[in-house]
Amino acid sequence: QKEVEQNSGPLSVPEGAIASLNCTYSDRGSQSFFWYRQYSGKSPELIMSIYSNGDKEDGRFTAQLNKASQYVSLLIRDSQPSDSATYLCAVPPSGFQKLVFGTGTRLLVSP
Amino acid sequence: DAGVTQSPTHLIKTRGQQVTLRCSPKSGHDTVSWYQQALGQGPQFIFQYYEEEERQRGNFPDRFSGHQFPNYSSELNVNALLLGDSALYLCASSSKYGQGDFDEQFFGPGTRLTVL
Chain A
1 QKEVEQNSGP
11 LSVPEGAIAS
21 LNCTYSDRGS
31 QSFFWYRQYS
41 GKSPELIMSI
51 YSNGDKEDGR
61 FTAQLNKASQ
71 YVSLLIRDSQ
81 PSDSATYLCA
91 VPPSGFQKLV
101 FGTGTRLLVS
111 P
Chain B
1001 DAGVTQSPTH
1011 LIKTRGQQVT
1021 LRCSPKSGHD
1031 TVSWYQQALG
1041 QGPQFIFQYY
1051 EEEERQRGNF
1061 PDRFSGHQFP
1071 NYSSELNVNA
1081 LLLGDSALYL
1091 CASSSKYGQG
1101 DFDEQFFGPG
1111 TRLTVL
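Quick note, the sequences are listed as chains A and B, same order. Going by the numbering used here, the first sequence opens with residue 1, and the numbers climb by one from there. Going by the numbering used here, the second sequence opens with residue 1001, and the numbers climb by one from there.
The following block holds chain A by itself, in its conformation from the complex:
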């Protein structure tokens, strides 16, 4: 079982729709969860951090965390073509100061 798993996609959504990106992790002790956005040829950019069960909203982005199910998701409302990128889920294992990344989900938003 991989430490952090994501569907590689691509996930295709029309402009204005809600994009839902999912991630599962294996370490039950993990307490911090991060979403990074990476445009082609660029470096990852931190867009959301979540530490408690439930939802956290920041503009058009909502992160959802369910520690019992070891599941974290990212919702993007009113998707725009500029949101087309790879979204990386990152989870540090308990007791470690390193990020373990999933392979990323490629999102394509069509006009």
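Derived by calculation from the structure, the hints in this document are not laboratory data. Heads up, a few of these hints could be off.
[Said to hold, decoys possible] Computed from the model, here is a short list of chain B residues facing chain A with C-beta under 7 Å:
| id | residue |
| --- | --- |
| 1 | Gly1016 |
| 2 | Asp1101 |
| 3 | Pro1109 |
[Claimed, not checked] Computed cross-link-like contacts, DSS-like style, restricted to lysine-lysine with a CA-CA straight-line distance of at most 30 Å:
| id | chain 1 | residue 1 | chain 2 | residue 2 |
| --- | --- | --- | --- | --- |
| 4 | B | Lys1096 | A | Lys67 |
| 5 | A | Lys56 | A | Lys67 |
| 6 | A | Lys2 | B | Lys1096 |
Beta carbons are placed, not taken as given, at the ideal position from N, Cα and C, and that holds for glycine.
Given chain A, work out where chain B should sit, using these hints.
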């Protein structure tokens, strides 16, 4: 406020050579982590430096070494380059004043290394 900077942007080397990559952390940050990202994969943790010492290390061979300077900048050295070392090398900086038990990491633009 200057973000994380890395140099060089691109580098081409041949097998067997040695390379040094450089990173300056974001202002106010004191910890530097290095990651390797192969095409189509998520970044893989190489090691982390804090207070000029290697604090944690990932599953990378001893050919990969590093250093942190008193001004918190860092270098990644790779010896005896292999074709498989071709990747995007990312530096991330962090500080110990974040929320939760883990310090948020912010990435620099990366160095694209090609080994021929």
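Enumerate the violated hints, using their earlier numbering and listing them in ascending order.
Number 1 - this is the single hint that the structure violates.
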